[in-house]
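S.K.: The listed protein sequences correspond, in order, to chains A and B. Using numbering that gives the first Met the number 0, you'd call the opening residue of the first sequence number 0 and step up by one each time. Using numbering that gives the first Met the number 0, you'd call the opening residue of the second sequence number 0 and step up by one each time.
Note that these hints are calculated values from the structure, not bench results. Honestly, I wouldn't trust all of these hints.
[Said to hold, decoys possible] Residues of chain A placed beyond 12 Å of chain B at every Cβ, according to the derived structure: (1) Pro58; (2) Arg68; (3) Arg88.
[As the list claims (entries may be wrong)] According to the in silico footprint, chain A covers these stretches of chain B (three or more CB under 8 Å from chain A): (4) 21-34; (5) 45-57; (6) 74-87; (7) 102-111.
Note that beta-carbon positions come from the ideal geometry of N, C-alpha and C, so glycine has one too.
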Amino acid sequence: MRLELPTPRRRQLISLTPLIDVVFILLIFFMLASSFLDWRTIPLATPSTNSRVTSDLTPLQVRIHLDGRLVFEGEALELGQLRAAVRGRLADEPGRSVVVRPDDAVPLQRVVEVLDRVRDSGAGSVRLDRGE
Amino acid sequence: MKFPAPERREVGENLIPLINIVFLLLIFFMVAGALSSDDIFQVDPPDSTSPMEPDHEGPMILLSRDGRLAVDDEPLEATELRSRLVAWVEGAEPIGAAAPPPIRIKADQDASADRLLDLMELLREAGVERVLLLTVPVKPD
Chain A
0 MRLELPTPRR
10 RQLISLTPLI
20 DVVFILLIFF
30 MLASSFLDWR
40 TIPLATPSTN
50 SRVTSDLTPL
60 QVRIHLDGRL
70 VFEGEALELG
80 QLRAAVRGRL
90 ADEPGRSVVV
100 RPDDAVPLQR
110 VVEVLDRVRD
120 SGAGSVRLDR
130 GE
Chain B
0 MKFPAPERRE
10 VGENLIPLIN
20 IVFLLLIFFM
30 VAGALSSDDI
40 FQVDPPDSTS
50 PMEPDHEGPM
60 ILLSRDGRLA
70 VDDEPLEATE
80 LRSRLVAWVE
90 GAEPIGAAAP
100 PPIRIKADQD
110 ASADRLLDLM
120 ELLREAGVER
130 VLLLTVPVKP
140 D
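Just need the whole structure built from these sequences, with the hints factored in.
M.R.: Laid out in structure tokens, this is it:
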């Protein structure tokens, strides 16, 4: 008698369709829920009203006017010139702090641009304060 | 005329490369992306060239374009915020010599400077001395 053995069936993988469904759902969840923003920070000291900076020197002043003008120690300049101007001034008088005084309605982006330039120029202490 | 019976294809066989790719994508998004909850209002942070990376401790104050404030996704008025901050400063102080982590401010890039200064003066009155202004790196043109 001849036995017809069934050809050995390939072992069934775990059923794939539900697995794929779940993995796709996870994938879409992580795609939507994750954020790739790369955060940076600017350290600032809160403005002190009573205890003025103990340095006997008045800080160097950068005014940001609403119409976009920048005035550094009474001298109007462009944003691109600010770094060199502050650096030159600090080379003469090292250790002076810098205060950035924006007009009330100046947008924050503009203030941050100026703060970046001042920090790049090597100023040891940078403060943000109200424009008069 | 008789056609040969079409070869039966194993379904699983073709899907394996697809699953490999999907798994890779899944793992990429899980590892590379930080899960984030949406802020309660839209805040578009300013660009900056600052190299400092933030630490993720301490409260975060949101300042929207039109001056609304929120702490940890809870909208607050300035007076409430002040009492909350005073409590936080007092709670953080006795732990030890280590300074409490600075407060992070996430402000919109179109918020006006006086709104930020109002907030910083409020923080000063509450006894906070250091704040970190959150920014994102400048996008290359």
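S.K.: The structure should be examined with respect to each hint, and the outcome stated for every one.
M.R.: Results of checking the hints against the structure:
1. At the 12 Å boundary, the C-beta of Pro58 of chain A stays outside the reach of chain B, the nearest C-beta of that chain being 16 Å off.
2. The Cβ of Arg68 of chain A lies farther than 12 Å from every Cβ of chain B, with a closest approach of about 15 Å, so its non-interface assignment holds.
3. Remark: the non-interface label on Arg88 of chain A is consistent with the geometry, its nearest Cβ contact in chain B lying 21 Å away (cut-off 12 Å).
4. For the stretch 21-34 of chain B, the assignment as covered by chain A holds, since 10 residues bring a beta-carbon within under 8 Å of that chain's beta-carbons and 3 suffice.
5. Given as covered by chain A, the stretch 45-57 of chain B passes the check, having 9 residues with a CB less than 8 Å from a CB of that chain where 3 are the minimum.
6. With 0 residues having a Cβ less than 8 Å from any Cβ of chain A, the stretch 74-87 of chain B misses the three-residue criterion, and the hint is violated.
7. Proximity of the stretch 102-111 of chain B to chain A, defined as three or more residues with a beta carbon under 8 Å from a beta carbon of that chain, is established by the 7 residues found.
When held up to the earlier numbered hints, the structure conflicts with hint 6 and nothing else.
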